[in-house]
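Two chains, two frames, some hints: make the complex.
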Amino acid sequence: MLLHLGFVLLLVHEVTKNGGGNLVPNAWQSLVELIHDFVLNLVNEQIGGLSGNVKQKFFPCILVTFTFLLFCNLQGMIPYSFTVTSHFLITLGLSFSIFIGITIVGFQRNGLHFLSFLLPAGVPLPLAPFLVLLELISYCFRALSLGIRLFANMMAGHSLVKILSGFAWTMLCMNDLLYFIGDLGPLFIVIALTGLELGVAILQAYVFTILI
Amino acid sequence: MRLSSTDMQDRKMLFAAIPFICASSSKKILIYNEEMIVACCFIGFIIFSRKSLGKTFKVTLDGRIEAIQEELQQFLNPNEVVLLESNEQQRLLRISLRICGTVVESLPTARCAPKCEKTVQALLCRNLNVKLARLLNAISSRRIRLQDDIVTGFHLSVSERFVPGSTLKASIVELIREGLVVLRMVRVGASVIEK
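Residue numbers (the numbering used here), protein chains in the order written: chain A, 1 to 212; chain B, 1 to 195.
One chain only, chain B, in its complex shape (with noise of 0.2 angstroms):
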């Protein structure tokens, strides 16, 4: 019969455990008495929890670690997240745009009174302007985190190199205008995507 192994950790602790248990009694570092019956039971349950809960709490671990690992894939390719959705939302301003044309134009001015055509009018401009601050705050928060992390992981790799006695000189300055670089494209590129 194969053993998986944790059968064959528990065996191997079993094994440890006897001759530990035998020396302490001998030495009578382990003294029977009622604490012993305490540890029993203590270690009963334990062994009990970990059978009956100890695959809960680890999926529970493991998925937390995966949600967080997913997000920092977002992070690592923000650029292209942010392009997608704004051009999505943007997509759907320009149709929200074309709707609100076309529903004021078709609006009966003969039966209703002007008070409901400048009411609807000015309900789907208001709609129309929280869509955009919306979207225009994502925007900026996702290139704030962006430079963030840039500016985090310049400062991470600049540190490495500023060894003392470090001869790199030239290539500290290099990394400085690589780093100055990304930070210019990253400016751009969010100010592109806001207009």
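Bound conformation, chain A alone (with noise of 0.2 angstroms):
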């Protein structure tokens, strides 16, 4: 993790010196400002109802959030290297955090009228008292459904390149040619994986963000 902020910080100090980077960008500035970009449209589209100013007071939390998701995720990609978000102790203090940080700032911005939420428009009142329970059981639940599905793609993918490349490697010190032409298969699955993988790892930082 260390690793991972220390390459962060480095990527974000050649971009923004000189006063804030140039006025016309290289790539590596380019590739920050598009994240920049997409964070401030998530923001603006996401959070409702609030004018301009208040939104971007929450602007820093989601890109961070998303940021070091993103780049965690697409460390681990790395051959030889360890994926942080695939442990469960990690993506589930991250989303229990995150949740428990997000209730007390909705409890000192709004009070009780933070627990309206529980209570959907346009709901008939005899089934107020039902949603209302399923509504906090939801609200609840949400905490762990973040960090076990972030957890859960992340496993399960470097588990199945694991295992399919453990099948290749076997198969590989057969010594038999045929063992050899048939490792092909495993091996194109492997690179297909990868890049599949790396399409999760972009999107599992997206989808956590979103349904914070």
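No lab work stands behind these hints: they were computed from the structure.
Wrong hints could be hidden among the right ones.
As the list claims (entries may be wrong) - Using C-beta positions, here's what the derived DEER-type ranges look like:
id	chain 1	residue 1	chain 2	residue 2	range
1	A	I104	B	K55	43 to 51 angstroms
2	A	H87	B	K12	34 to 42 angstroms
3	B	N33	A	E135	43 to 51 angstroms
4	A	S145	B	D10	39 to 47 angstroms
No residue lacks a Cβ here, since even glycine has one placed at the ideal position from N, Cα and C.
This is how it looks when you write it as structure tokens:
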């Protein structure tokens, strides 16, 4: 995790030196600006009912969460490295801490009116008690589901790649031409899975951020 | 056969990788297990995606950089752009006013009710007012941006000169005077355009 933090900080420093980067960006600065614009659009679209200034207060938290998960997931794709987010403790710790933080901030800003989201608009009164209970369970379970989703995706993907590569290695060590030719199948599957895992790594960072 | 620079780079990397692999294997840094297959597949995927998607990505980034450069060029000549656009807008407004007058005059008052004539007049005047408001807003936003750019450039040039122990106090005072003159010229120019 320290290595990943070092990479991210180095990239951001390279891009923002000389008083905030160049007016005409180079490729790295463009990449950082694209990530920044992407998260900015995410915040503006998903957070509704508030003025622009209030929305921007949540932007740093969302940007840091997204960038952290993105770079953690991508770092795990490097061979011989360690995927931080494929461990239950990390993902659950992150999701619970964000959940508790959001709840505290919600109560601070809105007081007891924060609980009004447990009863959506337009619900008939007889259904209200059941719906409130359901919404409460759903809200509390969100912390768990966020962490489990990220952990499961990362763990499953990497496990599959390791199993298939172990299969391919065993076939390669057989010292037989037939097994060597047959080894090409698992090799192509591992290449395809690597691409899939890269896509899943980026997507899971986005899904976690959007579901916060 | 001539080799492109990327092919030469790839060959150099390959020639560097072979002794690296041999040295790492002998020192047991690189261990031969299934992770080696994952590493080879990962490198293969990166090479394949670079060959297939590398140009697309480069074109996208270059397009973005060019768009920013063009916008910057426009900002460097804001006065000319504002003047041309505002002249064009004023000409169109004058033509619209003339047409408005002609249309109102040519309305067959014998056939149309008085209300119809008033409605047409009100509609045309409202459209003209909206166009005028838009033109004024565009001019004022350009002026504000130009002022911001000048102040930023001025701030940067002054901060460069403010080196501790500098004996260029006289030139600093001159610089501040020049900056104030430029800002005054911008304000006068903008107010002339508004008229």
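Results for each hint:
1. A/I104 - B/K55: 43 to 51 angstroms: With a Cβ separation near 49 angstroms, A/I104 and B/K55 satisfy 43 to 51 angstroms, so the hint holds.
2. A/H87 - B/K12: 34 to 42 angstroms: Cβ of A/H87 to Cβ of B/K12: about 39 angstroms, so the range 34 to 42 angstroms holds.
3. B/N33 - A/E135: 43 to 51 angstroms: holds (50 angstroms)
4. A/S145 - B/D10: 39 to 47 angstroms: holds (45 angstroms)
In terms of the numbered hints stated before, the structure departs from none.
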